[in-house]
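*Asks:* These are the residues of each chain, in order.
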Amino acid sequence: MADHHVIIDNLVKTYPGAQKPSVDHVSFSLPRGEMLALLGPSGCGKTTILRMIAGLIAPTSGAIRLDGEDVSSIAVYKRNMGMVFQAYALFPHMTIARNISFGLEMRKVGRAEREERVRKALDLVKLTGLGDRKVSQLSGGQQQRAAIARSLVIEPELLLLDEPLSNLDAKLRDEMRDEIRDIQARTGVTAIFVTHDQDEALSMADRLAVMSAGRLEQIGTPREIFDRPQTEFVASFIGAGTVFEGKVTEHGLAMVEDLKELRFVGDAPLGSPVKLMIRPHRLRLLTDAGQPNRFSGTVEHIVYRGQTLTLNVRCGSRLLQADLPTHAGMLPERGSTVTLSVAPEDVTLVGQVSP
Amino acid sequence: MQENALLARITWNTLITLLYFFLLAPIIIVFIISFDTRQYLAFPPESFSLGSYVKVFHNAKFISAFWRSLIIGGIVGVVAVSAGMLLSLSLVRYKFRGRAAVNFLILAPFLVPHIVLAVGIMLVIAPLGLLDSYPGIVLAHLGITIPYTVRTITMSLMAVDTRVEEAALVHGASPRMVFWRITLPLVRPGLIAGGVIAFLISFDEATISLFIVSVKASTLPTEIYHYLEYSTDPQIAALSVILILISVGVVVAVEKLIGLRRAL
Amino acid sequence: MSAAATAPTATSSTSAASRGILLMLLLPGLVALVITFLLPLIWLLRASFTSSTMSAFGGGDLTTQSYSTVLFDPFYWRVTWNTLVLGFNVAIFAVVLSYPIALFLARTESRFRGVLTALAVAPLLTSSVVRTYGWMVILGDRGVINSTLQSLSVTSGVIKLTNNSFGATVALIEILMPYAILAMLSGFGRLNAQLEEAAAMLGANRFKVFTRIILPLSLPGVLTAALLVFVLAISSFVTPRLMGGGRVFVLGTEVFNEATVTLNWPLAAALSVMLLVLFSSIILLYQRALRALEA
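Protein chains in written order, with the numbering used here: chain G, 5 to 359; chain A, 65 to 328; chain H, 136 to 430.
It cannot be assumed that every hint is accurate.
To be verified - What the simulated footprint calls covered on chain A by chain H, stretch by stretch (three residues with Cβ under 8 Å from a Cβ of chain H suffice, anywhere in the stretch; the number is not a length):
#1 75-84
#2 143-153
#3 175-183
#4 204-216
#5 285-292
#6 309-321
Please keep in mind that the hints were generated in silico from the structure rather than gathered at the bench. Fair warning: this is a prediction, and the values are worked out from it, not measured in the lab. Just so you know, even glycine gets a beta-carbon here, dropped at the ideal spot from N, CA and C.
All chains, please: the whole structure from these sequences, using the hints.
*Replies:* This is the structure we're talking about:
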């Protein structure tokens with residue numbers, strides 16, 4: 005951790021007059037070249053963290069370390085960060101080339117070198133030859149590429165992206181997602197981006213930091229976050245799932261409400277109350293009678309989604325959602341009774357219930 | 065029914081045309097008279113010439129008043145825009161106690177008749193020895209022009225996306241650089257519109273000027289006023305045409321350059 | 136100057152540095168406005184209570200002498216009356232003549248709409264002295280109207296159209312019409328063709344569409360225009376002075392006369408205060424009327 009490129013250390017931001025801090029003792033770190041997503045619902049403090057790292061707002065306490073040096077007292081324009089804003093914030097009175105060369109001019113880079121680097125940056129973001137265009141002559145996707153070029157051309161310590169895809173339409177969004185990932189990988193720049201969209205975070209980031217109400221809930225690879233959410237918030241924010249409360253009766257076995265027992269993989273002391281979550285797509289129609297974790301119930305609702313079939317199965321007082329592959333042979337009908345099962349390793353311990 | 069509608073249409077269009085004619089009558093008549101050959105006011109002109117224009121250009125009093133008006137208008141424009149820019153920045157970008165009071169002070173000159181202001185300003189600057197002086201008339205015109213420049217510049221400033229300024233900051237521009245390279249160019253339409261309006265108000269203003277200046281700092285409108293007290297000959301018509309052309313020229317040039325209506 | 140950029144933080148914090156910047160931003164403009172607006176009003180009030188022995192450099196005793204002149208001298212009663220009559224006449228005619236133009240501009244779909252609007256307000260770009268001169272040319276003893284009438288042998292003598300309040304009124308109507316048109320145009324925002332079409336489809340004839348739809352909707356704009364023209368008319372002096380040829384006495388001309396000819400500054404100040412009081416009470420009345428109209 006000490007040799008990590010970026011270290012966020014106990015960052016706190018309390019706005020004047022506010023009762024609660026907007027950012028509450030958040031710590032995380034990134035190795036060089038990593039792309040980290042700050043994910044959370046709006047108002048969770050993710051953008052505030054990004055703006056503190058950029059230097060646009062001052063933290064109430066805590067440190068932002070780049071290569072071990074605390075930069076939190078360095079003025080915003082001396083921090084050497086690159087930032088892509090939500091609505092791109094290109095300078096409307098300048099051409100694309102001037103936009104990109106702005107940071108270089110501020111750094112007093114010579115004209116010849118400036119032109120060369122702007123040209124390379126335009127190539128990098130596939131805007132070759134469009135440098136003389138006005139901002140208004142570019143499409144949304146092109147404007148975003150220009151904004152990325154503007155922030156990368158200065159070879160920043162860190163690339164910050166604030167909801168970079170939210171202003172694009174759905175099709176362009178998928179395209180730019182891969183594009184941004186590709187550019188980041190090619191330049192090797194350490195990057196942090198803010199998003200409220202879990203798909204975006206899962207598909208673009210090396211690791212995700214999930215935030216809620218100013219606090220960091222969990223940080224990990226997309227897989228860890230998705231398959232092993234550590235809190236109920238993370239479990240419910242990322243992907244769908246049904247959460248059960250119960251009590252541990254023996255190692256890896258819990259009695260849960262309305263169901264007899266549920267086997268899970270994870271450490272929880274005997275007798276402790278726990279929350280367990282099952283993802284819809286981890287449920288299977290029962291084939292092998294010897295399997296544990298069986299649920300029988302009536303199909304209340306069926307939605308055909310092409311590749312999957314979503315069932316709402318009534319198990320006692322709970323509605324269990326299951327996503328089944330449509331090629332699974334015999335498919336249940338509405339009103340029929342089905343038995344579903346789930347492997348113990350797919351039952352996730354998402355938190356201890358506070359007694 | 066059909067005929068009725070047609071008749072109504074014709075009546076309506078005729079009415080509008082007549083009203084336009086009434087509205088523009090003095091300007092049209094002045095334009096015609098300015099080419100009359102005779103030395104005295106009469107209508108219709110007997111023959112046409114540029115004699116009145118030639119006389120205006122040989123009238124030393126008018127020529128020097130013209131230059132004074134131009135200089136005073138220019139100074140008023142620049143100062144009103146500068147002060148307006150600073151005031152707008154403070155009003156748009158800061159929240160502070162007394163903001164409402166400042167806002168009121170800026171809007172209030174709209175609510176007081178010019179002639180009342182004129183007497184007041186005269187009373188204030190007379191003991192300072194500024195009556196009939198450049199500083200005196202410039203000061204007097206500032207009070208009535210700053211409200212306009214603040215208005216146009218504030219509109220422009222509010223349209224500037226602060227994220228754009230933040231983007232400049234993050235990418236290495238110091239606050240001073242952000243001001244000169246980003247904020248100022250982006251509010252330029254408002255600055256130019258405000259400057260033009262301030263210039264035109266000062267250039268055309270007669271009421272306040274008549275109280276403040278007499279000989280040394282007399283402006284063109286005051287010279288025309290005093291001349292008209294005794295004579296209405298076609299020389300004034302020629303001068304009026306020149307003044308109208310200057311005003312229209314300035315507005316058209318600005319409209320062509322930046323689109324005045326967008327700036328307003 | 137750095138305020139522009141630090142603004143997002145500055146709006147929420149009031150550090151000593153940003154307060155310093157704020158002060159620098161405010162100072163030049165405020166000083167100018169205090170000198171050219173606030174101080175003049177205070178000086179005006181003070182001078183109006185000073186005896187007529189005051190000079191440019193002050194002096195004079197505290198007295199209400201000027202006010203007793205303004206309030207009790209029958210001459211100034213007549214001046215005030217003349218002013219109000221001039222104001223009402225100008226306001227009524229300017230509004231009546233501007234209304235069709237504003238209505239036309241608000242509803243026309245002509246591609247010349249921009250040009251026609253510009254033409255209607257273009258006279259604002261011309262000094263009122265110049266436009267007054269235009270009217271002297273039109274209405275003067277040897278002006279357009281008299282020459283035409285004589286050459287057509289309709290009249291033999293001169294019809295007195297200037298050097299009286301008629302000329303002043305006509306000129307002021309025309310000079311203030313662009314303001315009325317502008318005020319009405321911005322007040323006509325609620326008018327639209329769809330409303331009229333809807334009314335027509337519901338069976339209203341042209342006259343009813345006008346009285347039931349257009350007129351009520353445009354009334355606030357009309358009221359604003361009337362107020363604007365009225366207050367501008369009662370405080371005018373260049374046009375009444377030149378068109379009246381010294382024979383039209385209104386508050387504006389008397390203020391100018393006392394201030395620059397008689398040099399009785401306390402009286403000029405008291406007359407100005409009088410004008411200001413008139414001005415403010417009309418604006419208060421207007422606000423009442425507007426509220427009543429909207430309720």
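*Asks:* If a hint holds in the structure, say so; if it does not, say that too.
*Replies:* The hints, checked one at a time:
no., hint, verdict
1, 75-84, "holds (count 5)"
2, 143-153, "holds (count 7)"
3, 175-183, "holds (count 9)"
4, 204-216, "holds (count 6)"
5, 285-292, "holds (count 4)"
6, 309-321, "holds (count 3)"
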